[in-house]
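All chains should be modelled from the sequences, with the hints used to inform the complete structure.
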Amino acid sequence: MNIIAIFISPLIALITGMFFLGISRKIMARLQWRYGPPVIQPVIDVIRSFSQMSISHGSLFDFGIILSLTGSFVLILFLPIGELCPLTSGGLIAFIYLMLLGPFGLALSGAIAANPNSSIGISRKFLLSLSYEIPMLLVFLSVMTYYGTISLVDIVKIQASSGWAIGSWTLVLPGIAYFLILPAILGVRPFEVVKASQEISSGPIAEFGGKHLAFSTLQHALHMFVGLALFVDIFLGGWTLFGLLDFLSGTAWFVILGIIIFLLKMTVVFVIEIFINAVYPRYRIEQAMNYLLKWPTLISFIGLIIVVLVK
Amino acid sequence: MDRNQISKWLKNPAKMANKYSFHVVYFCTGCGIIEIPPSITTRWDAERFGIIPVATPRQANLFLITGYVSTKTLKAIIRTYEQMPEPKYTVAFGSCPINGGMYYDSYNTIKSLDKFIPVDGYIAGCMPRPEAIFIGVTHLWKLIDMDKADGYKRYREDYEFYRENQEQLFGELDWPPLFQNKES
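Here the protein sequences come in this chain order: A and B.
For the first sequence, the numbering used here assigns the number 514 to the initial residue and increments by one for each residue that follows.
For the second sequence, the numbering used here assigns the number 1223 to the initial residue and increments by one for each residue that follows.
In case anyone wonders, no lab produced these hints; they're calculated from the structure.
Only some residues are given here: those of chain B computed to face chain A with a beta carbon under 10 Å:
{"id": "1", "residue": "1235"}
{"id": "2", "residue": "1239"}
{"id": "3", "residue": "1242"}
{"id": "4", "residue": "1243"}
{"id": "5", "residue": "1263"}
{"id": "6", "residue": "1270"}
{"id": "7", "residue": "1271"}
{"id": "8", "residue": "1276"}
{"id": "9", "residue": "1278"}
{"id": "10", "residue": "1281"}
Think of the CB as a built atom: it goes at the ideal place given N, C-alpha and C, for glycine as much as any other residue.
In structure tokens form, the structure reads like this:
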């Protein structure tokens, strides 16, 4: 079972991530009163990128993007998708360590390309990820303190018996804080500072063509999946649905329905993020840092204090 | 997407993906810039055909040259074209890149763009309306289907011809040749 899960869960993540990229373009088009591209357009783009000749700027240029993609793939294995979780040890600590591997790999290959636009993009990416990691650490700390465990599987199991975390008044502030930094994790507006194509020619991926571009698109899809799945797992109860599915427990249908419910919850959160993306303009990088280090940090810190006092 | 295209997708996915995903570098040199924003935004919505503007030539596979080409901008056009990864397609938009258009007697306007970089298709008119871009794109689909949009192959084969024309115009070029000579 575990061996199958190692193959299946990255596949689910990849398909869902590409689907999210597709529906984001479609929803954005519909909000702007356009017809929009087909939902599979990102898949077509990736196939095209793979078929194109790619220009390499050295071995580190190839290595960096592979490292970035590998980091995202490894993160998926620590993530319970429904009841599917290949690596149950590690839990939230693994996420604290490995979340920075994606930006780091992209920065390696962008830096070796020696394009001024990608240098600006890399510095923005690191500043942005450092500023959203502080509230994220506080959120993780309060969740770990409240549930008394670092394992994501256990957190989901406790929520199955005691209700969603965002419904309990102690964890509502960390939930709000994580929702506020979610656009920065996904890289959508108002925090689209990294890949600002009108300003800095799509930033770190400015020199990427062909296979490198395809890999970076896949990495972006996986990174989006990780950010959304963490929110659903920690705060929206993972695969649980108010105990409606308990009569099926123990069967294969339970696992499959759990995965479908999990993906549906992620889709709902993602569509809300797309609405936010559609109505907001882009922050400058110092405005984004000011915002991220002020409001989500404050909210999650208050949340941590409340959790420590209650515990 | 038509259901009868599935067999084509299975036979040659790279070609079909190249057809339905054009990432475009717009080189807006003259009055052609006016026609581009309506065609990529809400009014005419080029994204439903898979056409999306990108910021760098590395990510692009369609090069749209709109408006007249002066001697100075031709240098930038050549360098942009050489930076694009293959397979790549070029479409010249408006009558100026075809034969000079209203600048037929100008001393520093390129009369025929086809001498310097290979052009896969022209959209004639002064100016063509945004619908003409879509007609041009659907025509380019047919050309790709028949393997006739082979500008990048011609550039590789006849590189000496194009390089000679470029050097004749600019004198000494300040970048090395993209392809090495076959004889040497």
